[in-house]
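Take the given structure of chain G and dock chain A to it, following the hints.
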Amino acid sequence: MDNPLLWPLGLTAAYLGALALLSEIVERTPRLREWADHPLVYALALGVYATAWTLFGSVGFADQFGFGFLAISVGVALSCLAIPVLWEPLSTVVRRHGFSSVADLLSFRFQSQRVGTVVTCFLVFGLMPYISLQVRAILEAATFINGGTAPAWLGPAYACVMGGFVVGLGVRYVDPREHRPGLVATLAAESTFKLFALLAVGLAVLWSVFGGVSGLQEHLAVRPEAVERMYDGVTSGPWAALLVASFFAAFLLPRQFHVAYVEQPDQGAMRHVIWLLPLFLLLLNLPLPILYWAGRDVAPNVIPDLWVLATAPSSPLVLVGFLGAVSAATAMLLMSTIALSGMVMNHLVLPLRKTEEFEPERLIAFRRFVVGCLVFAGFALHWILPRAGSLVDLGLVSFVAVLQLAPGVLAVLWWRRANARGMLLGLAGGAGVWLVIVAVPLLNLGDTSLVPAYLGFDQADPRGASLWISIGVNALLFAVGSLFGTMRDEEAAAAQACLASGRPTRSGAAHSVSAVQRRLDDVLGASSAREEVDRALDELGMSRDEDRPMALRRLAERLERNLSELVGPMQARQALAEVNSRPTGPDLTSELAFLDSLRDEELPEGGLERSTERVRRFLSDVLEEMPIGVCTLDSNAEVIVWNQSMTDISGIEASAAVGGDLGNLPGPWSEFLADLVAKDPNKAGEAEEQFVDESWVVGRATHGDQRVTVTLQDRSAEQRLQMQVLHQDRLASVGRLAAGIAHEIGNPLSGLTMVAENLADEPNAEDAAERIDRILAEADRIRTTIQSMLSYARRDPQDREHRRFSLEESVREARGLVDLGKKPDKEIDFSVDVPDEIEVVGDPRAFSQLLVNLLDNAIDASPPGGTIEAFARWDQSRQEVDLVISDEGDGVSGDVDELFDPFYTTKPVGKGTGLGLNVAYWIADDHGARIDYERHDGRTWFLVRGLEGAGS
Amino acid sequence: MVIEASARYTPPMKSDRYKDSGIVLLLAFGMVLLTPLKSLWVTPQGAWWSPFVMWGVLVAAGAWLAREGRRG
Numbered sequence: 000m001d002n003p004l005l006w007p008l009g010l011t012a013a014y015l016g017a018l019a020l021l022s023e024i025v026e027r028t029p030r031l032r033e034w035a036d037h038p039l040v041y042a043l044a045l046g047v048y049a050t051a052w053t054l055f056g057s058v059g060f061a062d063q064f065g066f067g068f069l070a071i072s073v074g075v076a077l078s079c080l081a082i083p084v085l086w087e088p089l090s091t092v093v094r095r096h097g098f099s100s101v102a103d104l105l106s107f108r109f110q111s112q113r114v115g116t117v118v119t120c121f122l123v124f125g126l127m128p129y130i131s132l133q134v135r136a137i138l139e140a141a142t143f144i145n146g147g148t149a150p151a152w153l154g155p156a157y158a159c160v161m162g163g164f165v166v167g168l169g170v171r172y173v174d175p176r177e178h179r180p181g182l183v184a185t186l187a188a189e190s191t192f193k194l195f196a197l198l199a200v201g202l203a204v205l206w207s208v209f210g211g212v213s214g215l216q217e218h219l220a221v222r223p224e225a226v227e228r229m230y231d232g233v234t235s236g237p238w239a240a241l242l243v244a245s246f247f248a249a250f251l252l253p254r255q256f257h258v259a260y261v262e263q264p265d266q267g268a269m270r271h272v273i274w275l276l277p278l279f280l281l282l283l284n285l286p287l288p289i290l291y292w293a294g295r296d297v298a299p300n301v302i303p304d305l306w307v308l309a310t311a312p313s314s315p316l317v318l319v320g321f322l323g324a325v326s327a328a329t330a331m332l333l334m335s336t337i338a339l340s341g342m343v344m345n346h347l348v349l350p351l352r353k354t355e356e357f358e359p360e361r362l363i364a365f366r367r368f369v370v371g372c373l374v375f376a377g378f379a380l381h382w383i384l385p386r387a388g389s390l391v392d393l394g395l396v397s398f399v400a401v402l403q404l405a406p407g408v409l410a411v412l413w414w415r416r417a418n419a420r421g422m423l424l425g426l427a428g429g430a431g432v433w434l435v436i437v438a439v440p441l442l443n444l445g446d447t448s449l450v451p452a453y454l455g456f457d458q459a460d461p462r463g464a465s466l467w468i469s470i471g472v473n474a475l476l477f478a479v480g481s482l483f484g485t486m487r488d489e490e491a492a493a494a495q496a497c498l499a500s501g502r503p504t505r506s507g508a509a510h511s512v513s514a515v516q517r518r519l520d521d522v523l524g525a526s527s528a529r530e531e532v533d534r535a536l537d538e539l540g541m542s543r544d545e546d547r548p549m550a551l552r553r554l555a556e557r558l559e560r561n562l563s564e565l566v567g568p569m570q571a572r573q574a575l576a577e578v579n580s581r582p583t584g585p586d587l588t589s590e591l592a593f594l595d596s597l598r599d600e601e602l603p604e605g606g607l608e609r610s611t612e613r614v615r616r617f618l619s620d621v622l623e624e625m626p627i628g629v630c631t632l633d634s635n636a637e638v639i640v641w642n643q644s645m646t647d648i649s650g651i652e653a654s655a656a657v658g659g660d661l662g663n664l665p666g667p668w669s670e671f672l673a674d675l676v677a678k679d680p681n682k683a684g685e686a687e688e689q690f691v692d693e694s695w696v697v698g699r700a701t702h703g704d705q706r707v708t709v710t711l712q713d714r715s716a717e718q719r720l721q722m723q724v725l726h727q728d729r730l731a732s733v734g735r736l737a738a739g740i741a742h743e744i745g746n747p748l749s750g751l752t753m754v755a756e757n758l759a760d761e762p763n764a765e766d767a768a769e770r771i772d773r774i775l776a777e778a779d780r781i782r783t784t785i786q787s788m789l790s791y792a793r794r795d796p797q798d799r800e801h802r803r804f805s806l807e808e809s810v811r812e813a814r815g816l817v818d819l820g821k822k823p824d825k826e827i828d829f830s831v832d833v834p835d836e837i838e839v840v841g842d843p844r845a846f847s848q849l850l851v852n853l854l855d856n857a858i859d860a861s862p863p864g865g866t867i868e869a870f871a872r873w874d875q876s877r878q879e880v881d882l883v884i885s886d887e888g889d890g891v892s893g894d895v896d897e898l899f900d901p902f903y904t905t906k907p908v909g910k911g912t913g914l915g916l917n918v919a920y921w922i923a924d925d926h927g928a929r930i931d932y933e934r935h936d937g938r939t940w941f942l943v944r945g946l947e948g949a950g951s
Numbered sequence: 000m001v002i003e004a005s006a007r008y009t010p011p012m013k014s015d016r017y018k019d020s021g022i023v024l025l026l027a028f029g030m031v032l033l034t035p036l037k038s039l040w041v042t043p044q045g046a047w048w049s050p051f052v053m054w055g056v057l058v059a060a061g062a063w064l065a066r067e068g069r070r071g
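Just so you know, the sequences run in chain order G and A.
Under numbering that gives the first Met the number 0, the residue at position 254 of the first sequence is numbered 253, and the numbers go up by one with no gaps.
Under numbering that gives the first Met the number 0, the residue at position 23 of the second sequence is numbered 22, and the numbers go up by one with no gaps.
It should be emphasised that the hints constitute simulated quantities derived from the structure, not laboratory data.
One or more hints might be untrue.
As the list claims (entries may be wrong) - Below, computed lysine to any residue pairings styled on SDA-like, alpha-carbon distance capped at 25 Å:
1) A/K37 x G/A239
2) G/K825 x G/A731
3) G/K825 x G/A768
4) A/K37 x G/P461
5) A/K37 x G/S235
6) A/K37 x G/T866
7) G/K825 x G/D889
8) G/K825 x G/W940
9) G/K825 x G/P862
10) A/K37 x G/Q63
11) A/K37 x G/L282
12) G/K825 x G/E887
13) A/K37 x G/E227
14) A/K37 x G/L281
15) A/K37 x G/P223
16) A/K37 x G/P862
So here's chain A without its partners, still in its complex pose:
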């Protein structure tokens, strides 16, 4: 009985990974939005739509994070 229960039990690693990933993404996009890394998407001489591309990347990162969360 105990052995069966042990087999069912999985260490709670996924949830921590989900939270850690959230922190990493938050910091990464925080830097992209608030520090000189803004130059990655602030292109006065270039395309007007680059802020939306950056935003699209954020949405994609969020979708990946959400999948991590559902797995955990």
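Here chain G stands alone, though its shape is the one from the complex:
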């Protein structure tokens, strides 16, 4: 144990190994993977915010600004209260579009690869001091443990160990699309350990130095200036500036953005962060004032940044404190380099690459290389930077840099007018100020610290002044550039998609899956393109044969989203832009279908959009559950809506219909719907009834703006029932006519028999030929009667005709039928006045049944010797035929409204079925007409109005 660094370095290696092992175990254990998605684990992972700055630097910061050091954590707690209005809306946008970094977000919003590149470069340079802070904290701690000197190998050795760990663990997570429960669990474990370390050291110091809480109180009671000095930092230091900086750093620092949005298990998890992260930071900061006061007493000769170690009462506690800092620094390095390397790949490397060289394996290998470079750049900066000021000075440089992204990010959510020119101008201004009055003094390249004083800022507060000046210049130039610059169409579309109240944009359509893949071939390489297309098809449950425009747009959308995570949103959009063959103008129906494709996503966050979306989904559900089939077509005759009833009626699933052309629908449905849609829009809403594919359907087409909505009603069951009733009614009629039939057949049969017998007796009679003709005539009469009856009684529902026929013939035929049933003792006269030229359109046999029923009813109602009149008129103005059947009966004594109800009859029991007028009513309705009951001059009229037909 001669070498005091043996234990720290050994434990560091063991600790890093344990973290790697934990990550591996979580990844391999399903139950642990589930646990890693717990909101508490997620909140603890966000504790990666607390780095070596918090563990070591904060005590040094307290020495300068008292409780001002709290601003770095209190700002985060305040930011957590903004989760409902800031973090969550941003999360919605990030998750919806599959962004993996703030550079992705800004480059998409401003539709500018240049913005992404500038942001990436600025963040890489701006965060290097922060990374070097971690290195410096650990090396200085190791040097302190080693007695104040550091061996020459310490720095390079630590760089190699740390670089190896970050690259090694990052290998598993280098693809941003992988789910990373192992990484989140590792970060949570790291947060837990550093909290434990700081609390353990803090409590030990509280008892060892002050003798407990009461001892601390007594200590401070006799030194009131110690407490007063702590509060000075809040009232006169850069408190407000630090609060604002940390407010935005909480979610804009690349590692915070990555954990908060990319590793977020679900939208609800963020709501636990509102209080869990502030609580974690509160506990973490609680021991720091104690350590500060103890350090002033116990280790006045040690730099305040190391008082956490210098005040620890025992070697094991020194090791615990050291490991806590190692833990915090490692997590920061791991996440920062993973996040930055993704940005470098998406916004620096890929835009410059040769496309044919792109393969996922190369991409991942190169990303590992970038991670390694970033770690070693941090080490290099540590060696370059002069050791002046505290650790916090390094961190604040990076915080001011990150703050320069705030105007752009706020504009993403709330300022539609902001454009790329404003963003670049503002960033250039803010970065310029940052470089001159923040970075230059840090690098010892010149003294620019007086610049804020020249501008009227408090010279005693250069940190706060530099922050206000840089962000002020940034915001001003951003606003001026946006207000006076022009906005491109694609920028406006992206702005709409990103606004807090916005919805996603849609990709256009390609004409086939192969067309999409061919374009991606050029960008990703053949095998990767096929892999990506197969993956997207698999996720969407589509086949390679898919050619429906809507489905292909969904495929393009999914590919863009997947690739956005892999190669950045601008690259992804560019890759798919050229396969879009559809104009992107406003198209309400397509938009509806697109929104329906997002049903599985959570509702938008709050506000009018959430209300609107809930109502839309509710109405969509109602539409889906309607017992009437609904199908909507857009202006290209693409099916947009196809509800469940439509599927039930046609047997065509929505997944097969939606997104395809009407002409691609199977069988007779395509023709039927096409006929409906092709109907004159002026006759909107007119019903079309047809027997289609074993179903009786009534269809209506309604033409709207850029869309046609077709509704279908399945009347098969109703039709079957109606046909049964009609059939029963006809059979009943035949029964009633049986006597007449017997008479009609019996008379000619008797005559026929008699003539035949005479002919048999006198086979050579001179008039034999004439007699044979009479026999044949009588036989023909019988045959006609039987045929007429069979034709009337036997009818298949599917034999319905729709043609033009003579009304006069129909009336004559019906009269012949009812004549058969006339009672011999009841003489009735018929008067028919139906012009020969009047024709009716419909089913002649059904219409014959209507007439039989009306005439039958008239006969029953007529007194003996009465006259039944049948007359028809062609109404030129209405282009319709009216028919009247009247009798001399007394009319209806009961309720006229019930006259056409089924089973309503005023006849004696056994004399009527009560179906005659009801059936007549149905048949008239089928012919687009209606039957009215009227009384005129002591006669009863049944008036069939509105028959489609022709006359003169």
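Chain A alone, transformed into the frame defined by chain G:
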């Protein structure tokens, strides 16, 4: 069917309340941290732990807000 669906549907008031509450709390604590209202917890002559009490209140407010969010 429609009546049943209507009964299931509740107006989206909770979420707005969650967001509104977040804005109110943000403004309230923003004022407590950045304006002369700081005197509520900046007590140079008093207890050293009052910043942490203020912080504790913020955590409690956050817990209440989170509960509102989960209800919505």
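>> Please list, smallest to largest, the hint numbers that this structure does not respect.
In response: Hints 3, 6, 16 contradicted; others consistent.
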